[in-house]
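Colleague: Chain residues, written in single-letter form:
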Amino acid sequence: MSRELTGPDAREWMQRFVDVFNQERTALAELDRRAGDGDFGTNLASALGQASRRMSDGPSDWASAVFARVSEGFLDTGGTSGPLFGMWFRELSKATAKSADAAALAAGVAAGVATVQRLGHAQVGDKTMVDAMLPAAEAMTGEDLDADLAAAAAAARAGAASTQDLRARRGRSSYVGDVAVGVLDPGAVTVALFFESARA
Amino acid sequence: MSRELTGPDAREWMQRFVDVFNQERTALAELDRRAGDGDFGTNLASALGQASRRMSDGPSDWASAVFARVSEGFLDTGGTSGPLFGMWFRELSKATAKSADAAALAAGVAAGVATVQRLGHAQVGDKTMVDAMLPAAEAMTGEDLDADLAAAAAAARAGAASTQDLRARRGRSSYVGDVAVGVLDPGAVTVALFFESARA
Amino acid sequence: MTRRQFLNDPDDFVQEALEGLVLAHPSLELHTDPTYVVRAVRGEPKVALVSGGGSGHEPLHSGFVGTGMLDAAVPGAVFASPTAFQVTAATKAADLGHGVLQIVKNYTGDVLNFQIAGEISAEEGTRVERVLIDDDLATDTGDEDGPGRRGTGATLVVEKVCGAAAEAGATLEKLVVLGRRTVSRSRSMAVALSGATHPGSAVPSFELPDDEVELGVGIHGERAATRAPFSTAGELIRQLVGPLVADLELRRGDGVLVFVNGMGATHPLELSVCFREVHRALGELGVKVTRSLVGTYLTSLDMAGVSLTLTRADDELLRLWDARVRTPALVW
Amino acid sequence: MTRRQFLNDPDDFVQEALEGLVLAHPSLELHTDPTYVVRAVRGEPKVALVSGGGSGHEPLHSGFVGTGMLDAAVPGAVFASPTAFQVTAATKAADLGHGVLQIVKNYTGDVLNFQIAGEISAEEGTRVERVLIDDDLATDTGDEDGPGRRGTGATLVVEKVCGAAAEAGATLEKLVVLGRRTVSRSRSMAVALSGATHPGSAVPSFELPDDEVELGVGIHGERAATRAPFSTAGELIRQLVGPLVADLELRRGDGVLVFVNGMGATHPLELSVCFREVHRALGELGVKVTRSLVGTYLTSLDMAGVSLTLTRADDELLRLWDARVRTPALVW
Ligand SMILES: Nc1ncnc2c1ncn2[C@@H]1O[C@H](COP(=O)(O)OP(=O)(O)O)[C@@H](O)[C@H]1O
Ligand SMILES: Nc1ncnc2c1ncn2[C@@H]1O[C@H](COP(=O)(O)OP(=O)(O)O)[C@@H](O)[C@H]1O
Ligand SMILES: [Mg+2]
Ligand SMILES: [Mg+2]
Ligand SMILES: [Mg+2]
Ligand SMILES: [Mg+2]
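Chains as they are written, first to last, in my numbering: chain X, 1 to 200; chain W, 1001 to 1200; chain C, 2001 to 2332; chain P, 3001 to 3332.
These aren't lab readings, by the way, just hints derived from the structure by calculation.
Glycine is no exception: its CB is placed at the ideal position from the N, C-alpha and C atoms.
Straight line, CA to CA, 30 Å or less: simulated DSBU-like cross-link-like pairs of lysine-lysine: (1) 94(X) with 3092(P); (2) 3174(P) with 3288(P); (3) 3092(P) with 98(X); (4) 3092(P) with 3174(P); (5) 1094(W) with 2092(C); (6) 2174(C) with 2092(C); (7) 2174(C) with 2288(C); (8) 2092(C) with 1098(W).
Here are some of the chain W residues that sit facing chain C, going by a computed Cβ distance under 7 Å: (9) 1075; (10) 1076; (11) 1078; (12) 1083; (13) 1087.
This is chain X alone, in the form it adopts within the complex:
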């Protein structure tokens, strides 16, 4: 049997995610400025700031609790990314417990993308976070945690890269038409960063 994702693992993962996001923040904000309304950086920073505070406020020994705190941070943020990422992390929380094995995490990721699609009505190719989420979910076999996370990260990164040449069909960047072509979708890139942060 492969290793499980424990509470401390989840917490470290989320901490790395916050750090990586902060490094990339300016670049991500710039993407939304070019193809959306420019608030993506602020929205995400606010959500992750809240998530960090919530994680340190209460004890979160359980993996599910860590994801729940991150979910709450996002659900208390504006924009479209706030509530959608909030529900994504909420599904991760619901699928996990004190810890999570590969199958639980894969199920959580699959449930997450399903919820995001149900709420946002986006398909792959619409130039949204779904373009990274869905390939990542499909890359996870539910058998080996580390292998799954590596595969998900690679798939998410490829999905994010694929958004560059697309015209957006959902979200604010859909209003700008061809102007969005050539610009990566910041939501999709953030999904890639999320999976990439799983490995120390």
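The hints should help you fit chains W, C and P with the ligands onto chain X, whose structure is shown.
Modeller: Then chains W, C and P with the ligands, alone, in the frame of chain X:
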């Protein structure tokens, strides 16, 4: 005993007053424009227009009724001149009946200026209609109607003329200080026109 | 950008608005020739309350005609007194045989025309008394011979408490005492960020530089005596609260009725922020906010501004303030 | 002239205004972290009504919390949706065990956050249903795939009638049907003479030439799809009445509830003139004004504009419309 002022007499008087005012309207309006707020012409025209309509609307065989209709016309007009002239004519109406002898008319004029002073707090020399009204009232002996009206007209005209060199201490022209010096008070001039209209 | 209004002919503006008002409020009746607004259904005999003045201050006064407040309102043209003839007719229509209380804001034209109407009505057999509203602290010059303080926000307070007392059967004499007592316990002061635009006109009555406000502004678009630097709501409100508290000699533990009024274009969010600042400023002085009213009740056309009225509270005033009121603009 | 507002820090504007609101209205309770407004005293168990959306539309929604209307309101930042977390907390606080009806104006952010809050609350054991308000005829593109019509004036009507029905014991299922029926019978359209100025900003969201108006304007300061020539109130109002009557297929003899709403800086006199014009235009078509509401209830900051909402009347709606209501901004 001298002649009385009958209803038809009063009506003709008022009609002449309206006509004379209309001839002088532009000049009077100009006086208020130079030393006040410029609405005197409009206010008086509106009041006298209403007065004419009211006189022709209902029968007014009595002198008192004629003055009552004119009073109503003024009392339904704006500015300071509207209500003050309205009360002036109201006192004339109250002092007269079917007709008026010299004593009744003199009493009415005296009551009129008293009411205007009570309401407006103006003294002779304040550069208002009172500067013409009070001398007119004092010139009336109450013995002979025609002699009284002639004396009142002369006194009112002299009083009106005296306003030219005054600084105003009541009404809107008091706000403009020395600018009003050299300008006749339109209210006082109108009082002179009123008494002058008594003779065919 | 030029200012514009929804209207047809500016000359018909007030008349058409009154027609719209009574169409929306069947509890009101509009009379024309001369113009006034009176309650459509009259209840038990009681002292009748009549107020009025220039238009452009709506909902005051016509919006306050109804149970627990006015019996009739007499609107003049925009910012111009109604005529004595209008007031006389309204007085006659309002009278239920127990006398008429005139509530008159202290402006020369209003005072003159209401006084004349009062005298004429008295001669015709109606008992008429007057309460003069002169609460605007900004015009307190101390000059005995001058026109005195202008009337502003206290008008609403007097109309409310005297209206309630009249409904409860107070005599004309009692109402005069009550009204004057309420005025003497009330002071107001206003600050504006912009002027007022006459209907049909494209420019406001005055223009302000970006860094200044009109402090102690009146309700007719006229300039204030003082210009003060533009500042935060907290700072501006303090410049109203301070002088009012001083003039009313409010002390720690005293209670006041607070009326924060929007003068036209001031948003409800701004009024709420201003009330919060009033509450804080009074709180720091230990003065209690016993009652409050926050909203747009006495306007100066589209002026962006806030007026603050403080009324020193006592049991009688509070009881009357709390009494039932049913008008287009004030209901509880 | 630049626009200015009474405020302290623009970032604190909404929060400070909410603090002022509840200070002036002890019937309301303000919660922070996350922010929502809820009735301070809860009565008998009943279905709870929760609404909300971006701020800047006051008195909507927080001014409508009280007996006969909302149980809680959830304000976002100016013109921005509240978060799902806020809505979830308000839903939990409002629930009295009989379920919660969400009344949501159709804007992407509001819809998303209320839906998420509904799902989370449902998982936590609260029954939640939603009525979507999409009455703005100007955005009726017929496009199945598009965002649909925006929500505007009908919000007040739905909050009023569903509030009354809830107070009378209607079940959640009944309220959903009632709310949706009311929306389907309601259409709105608005015209603006000027844009809306964000708190702390000096210029409105758009500038109009003197001879043009925005026809079919929304409530977030955005431009309308159409510009029409500036004209008399009569002419402008006809351009609202015509399309609404056509879309609602109103016929001679039909009765409507008329809601003439000021969008911020529009004076009560102007609103009265506009209502008079609506009344005339409907009268010419033989459509009866069964009920009316004229006032400033759903604003777009300081926009000078008027929105018109027509709701086809029936006995049930009228009975619920007439029912007692006690909120800061709507009382009868
Ligand atoms: N309908 C949708 N479904 C899924 N993701 C979406 C959708 N709309 C937008 N997004 C994602 O949200 C991101 C933008 O987030 P943000 O800037 O916070 O929201 P907003 O567009 O409301 O300003 C986009 O990069 C995209 O990935
Ligand atoms: N206090 C007063 N007492 C008597 N007459 C006055 C007084 N104030 C003004 N008047 C008269 O009224 C006239 C101006 O009338 P009008 O223009 O109608 O009024 P307003 O000054 O209100 O515009 C003046 O010429 C003067 O004769
Ligand atoms: Mg964005
Ligand atoms: Mg955004
Ligand atoms: Mg004049
Ligand atoms: Mg004048």
